[in-house]
Amino acid sequence: MAAGRPVRWHIAVFLAPAVLVYTTIMIIPLFGTLNLSLFTFDAAGQRVFAGLANFRTLFGDPRWSDAFWNALGNNAWFFLVHMLVQNPIGIALAALLSSPRLRMAAFYRTAIFIPTILSFVIVGFVWKLILSPIWGIAPDMLDAVGLKALFAPWLGKEEYALTTLALISVWQFVGIPMMLIYAAMLSIPDEVIEAAEMDGVTAWSQFWKIKLPLILPSIGIISILTFVGNFNAFDLIYVSQGALAGPNFATDILGTFLYRTFFGFQLQLGDPHMGATIATAMFGIILVGVSVYLFAIQTRLRRYQF
Amino acid sequence: MSIARNQGTLTRSIAAHAALLTWTVIALFPVFVIVINSVKSRRVIFADPLALPTAETFDLVGYQTVLAQGDFLLYFTNSMIVTMASLFFVLLFGAMAAFALSEYRFRGNLLMGLYLALGIMIPIRLGTVAILQMMVATGLVNTRTALVLVYTAQGLPLAIFILSEFMRNVSSDLKNAGRIDGLSEYTIFFRLVLPLVRPAMATVAVFTLIPIWNDLWFPLILAPGESVKTITLGSQVFIGQFVTNWNAVLAALSLAIVPVLVLYLIFSRHLIRGITAGAVK
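In the order they appear, the protein sequences are chains V and U. Start counting the first sequence at 9; every next residue gets the next number (my numbering). Start counting the second sequence at 4; every next residue gets the next number (my numbering).
Excised from the complex, chain V in its bound form (with noise of 0.2 Å):
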């Protein structure tokens, strides 16, 4: 600030109140946090400094290890078939929606979002119940088309649960991108879109070579927040299996683990330092994700300006 300049104090209030919250409450905690990873109990139960001891622990000890790297490899392929199957749907939707002179967008645009104002309670109960082998919603709608045989008991199958998981959390968030990419093509000029259609380039090859790279930092935007919702998740796979992620773990993720260990469970008491742990293992990892979207991706994308 200049010499002689008087001292601004209005910026220092409004900056205050959200400052003070936002660290008091967020960033305190988190460090809070990592700092609590490197500490465990002794025989006597006081709290003693232990290094790095927790993370060769989680790593490395089977007892515990074998835990989190299927809930990391889970939530892998949780974010996985989000990528694969959310956000392509989400952009076809929004490409769709953005066509000039469609009626009802409006329509479609809200009705489409509902799934994902919903809460996951909602949404992990009313699905449970659809394909249920007993009240069978989806049972009978298959047996309608004469596909009964395909009809599984989805949510109770190893090998299917996690995967139907993740395909409700796709039609519950599929809103999202939806909403992003929607806003982002109507921000392209009328005159490029017009250009083009004087060209010849019209429908497909418009949205390939026209629009879809124009809108490729939204993409960018929206795969990172589903890596970071992702690999935060916990409240769909906690109200539709329970704490427990069954059947046998199979769709135990990073979030449930966490607050089991930190929690407990049943017969397991809860463990502040290892749940600590494995917190700041999924802080790491979102780090890494952020990162590498920041540095490797984010810079070499093209903007446009309009």
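Don't read these hints as lab results, they were simulated from the structure. Treat the hints with caution; some may be incorrect.
As the list claims (entries may be wrong) - Computed from the model, here is a short list of chain U residues facing chain V with C-beta under 7 Å:
hint, residue
1, Ile17
2, Ala21
3, Ala22
4, Val47
5, Met124
6, Leu129
7, Ala156
8, Gly185
9, Glu188
10, Ser238
11, Gln239
To be verified - A short, non-exhaustive set of chain V residues, derived as facing chain U with CB atoms under 7 Å:
hint, residue
12, Val15
13, Trp17
14, His18
15, Pro25
16, Ala26
17, Ile33
18, Pro37
19, Leu38
20, Trp77
21, Pro123
22, Phe133
23, Leu220
24, Leu224
25, Gly283
26, Gly292
27, Thr307
Cβ coordinates follow ideal geometry from the N, Cα and C atoms, glycine included.
Here the structure of chain V is known, so what remains is to put chain U in place on it, guided by the hints.
Positioned in the frame of chain V, the structure of chain U alone reads:
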């Protein structure tokens, strides 16, 4: 040629409607299943889940059970208080900080912006362990205050990010005219700038209130007590207790959908405008 072209457009528009309609049906079908079955008698729910309620099968027994249970109104009030209070603080504090970052040049501006944006990428959930210890230490466990504090912190980063993008576009002539007229910086913010960024506030409101209303994690951990339960946690517990009383469960779920749906419909008019100008650029 023009006829052929029109036909092509027509086919394409029919195909677009067909695809969008298909996904709309997929999106709304589960909600439809909950709502129609919540007003049917128990026997028909099981016998014919997809049938619409008729005069004979119409039955509000589920809603009667839920409302007689009594706690639902309390849960609903708790959710409303927590969501509205958090939303208020996120919008107020977020707009103030966004104004400071976008309006004034001062040392550390960029750094402060990055610091506040960190929270968009790093989920607050990872700090749960320490947040719980802090709330225990300050005696805030099982209070709505704890939830409001956490949700305010959670919502601020995105709010500041979107709102400061918007405030950069507010004409500086207007603000300078205000300064020449002798308005204080606070008056300029509250009287001139805030009314102009209302669409952005609506976008932020939607993105803030949906995760708060639907959150299960923090109510489960910080405020599981009966008197402070939110409706999301309440309906999760209710499903566990009434697992065989399907009328009641379906009615409870239908009731839980209504408030968030209403809030979404109120704010969503501004949603696209807000995203276009802010978040995606």
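Results for each hint:
no., hint, result
1, Ile17, "violated (11 Å)"
2, Ala21, "violated (10 Å)"
3, Ala22, "holds (6 Å)"
4, Val47, "violated (12 Å)"
5, Met124, "holds (5 Å)"
6, Leu129, "holds (5 Å)"
7, Ala156, "holds (4 Å)"
8, Gly185, "violated (15 Å)"
9, Glu188, "holds (4 Å)"
10, Ser238, "holds (5 Å)"
11, Gln239, "holds (5 Å)"
12, Val15, "violated (10 Å)"
13, Trp17, "violated (9 Å)"
14, His18, "holds (4 Å)"
15, Pro25, "holds (4 Å)"
16, Ala26, "holds (4 Å)"
17, Ile33, "holds (4 Å)"
18, Pro37, "holds (3 Å)"
19, Leu38, "holds (4 Å)"
20, Trp77, "violated (19 Å)"
21, Pro123, "holds (5 Å)"
22, Phe133, "holds (6 Å)"
23, Leu220, "violated (15 Å)"
24, Leu224, "violated (12 Å)"
25, Gly283, "holds (6 Å)"
26, Gly292, "violated (10 Å)"
27, Thr307, "violated (16 Å)"
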